[in-house]
Amino acid sequence: EAGVAQSPRYKIIEKRQSVAFWCNPISGHATLYWYQQILGQGPKLLIQFQNNGVVDDSQLPKDRFSAERLKGVDSTLKIQPAKLEDSAVYLCASSLDPSGYYEQYFGPGTRLTVT
Amino acid sequence: GENVEQHPSTLSVQEGDSAVIKCTYSDSASNYFPWYKQELGKGPQLIIDIRSNVGEKKDQRIAVTLNKTAKHFSLHITETQPEDSAVYFCAARSGGGADGLTFGKGTHLIIQP
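Line order of the protein sequences matches chains A and S.
The opening position of the first sequence corresponds to residue 1 in the working numbering, with each subsequent residue numbered one higher.
The opening position of the second sequence corresponds to residue 1 in the working numbering, with each subsequent residue numbered one higher.
Read the hints as simulated data drawn from the structure, not as lab findings.
Take the hints with a grain of salt, since some may be wrong.
A few chain A positions that, by computed beta-carbon distances, are all more than 12 Å from chain S [as the list claims (entries may be wrong)]: (1) P61; (2) K78; (3) V89; (4) R111.
Pairwise CB distance ranges (calculated) [said to hold, decoys possible]: (5) S:H72 <-> A:P61: 29 to 37 Å; (6) A:T115 <-> S:P82: 30 to 38 Å; (7) S:D17 <-> A:S27: 22 to 30 Å; (8) A:G40 <-> S:L46: 20 to 28 Å; (9) A:E14 <-> S:H108: 28 to 36 Å; (10) S:I62 <-> A:G3: 16 to 24 Å.
Below, computed lysine-lysine pairings styled on DSS-like, alpha-carbon distance capped at 25 Å [claimed, not checked]: (11) S:K42 <-> A:K11; (12) S:K105 <-> A:K83; (13) S:K105 <-> A:K44.
In this text the structure is predicted, and so the values were computed from the model without any measurement.
Cβ atoms here follow ideal geometry from the backbone N, Cα and C, with glycine treated the same way.
Based on the provided sequences and hints, a complete structural model is requested.
As structure tokens, then:
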């Protein structure tokens, strides 16, 4: 079974530029999550999708971050404009359904450096 | 919202000894507690989990215990090996439809040869 795919793996941009990350979850997984992991900390949930609908985006900085999951499969996370404090690893995870009885599988992440 | 505290931040043990990492959580409605292992440059990988209706779970050298009354849970690794060196995260999931995990800050486990 293929795992969660993310691209790019690394990205370096200047502050105020925009950037987008892509995620392809495990086939058949209805729930998709984006987490932000700042160096030395645990991942923090940004947004959760159930199919193509948003379940929880309470910790997403909506003035600069946006995410979509068209057709309930792939997802993109965008930052516009980026700030220095956005430097982090952005992790995508998926699970079979949100009942809590299925584990979340994580992708390798995209390491973003904002200079 | 949920808050998860994890200790210690760094743990160094001799190969073959046991390692214990402890976490506390704040939301009494939390019902699922996974442990993840993260190696450099990789995403977190689930190693064991426990649900609120169970007090202990074991999988070979790894075990997790849960005390719902005290709101804390622990990871136990016995007979540690060099490949156990990594950062370990505990997490908690609150009840309800939104089930994103709240993570601790991580423990860097170092296995000394």
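Handout entry: Violating hint indices (sorted, rising)
Key = Going through the list in order, the structure violates hints 3, 4, 7 and respects the others.
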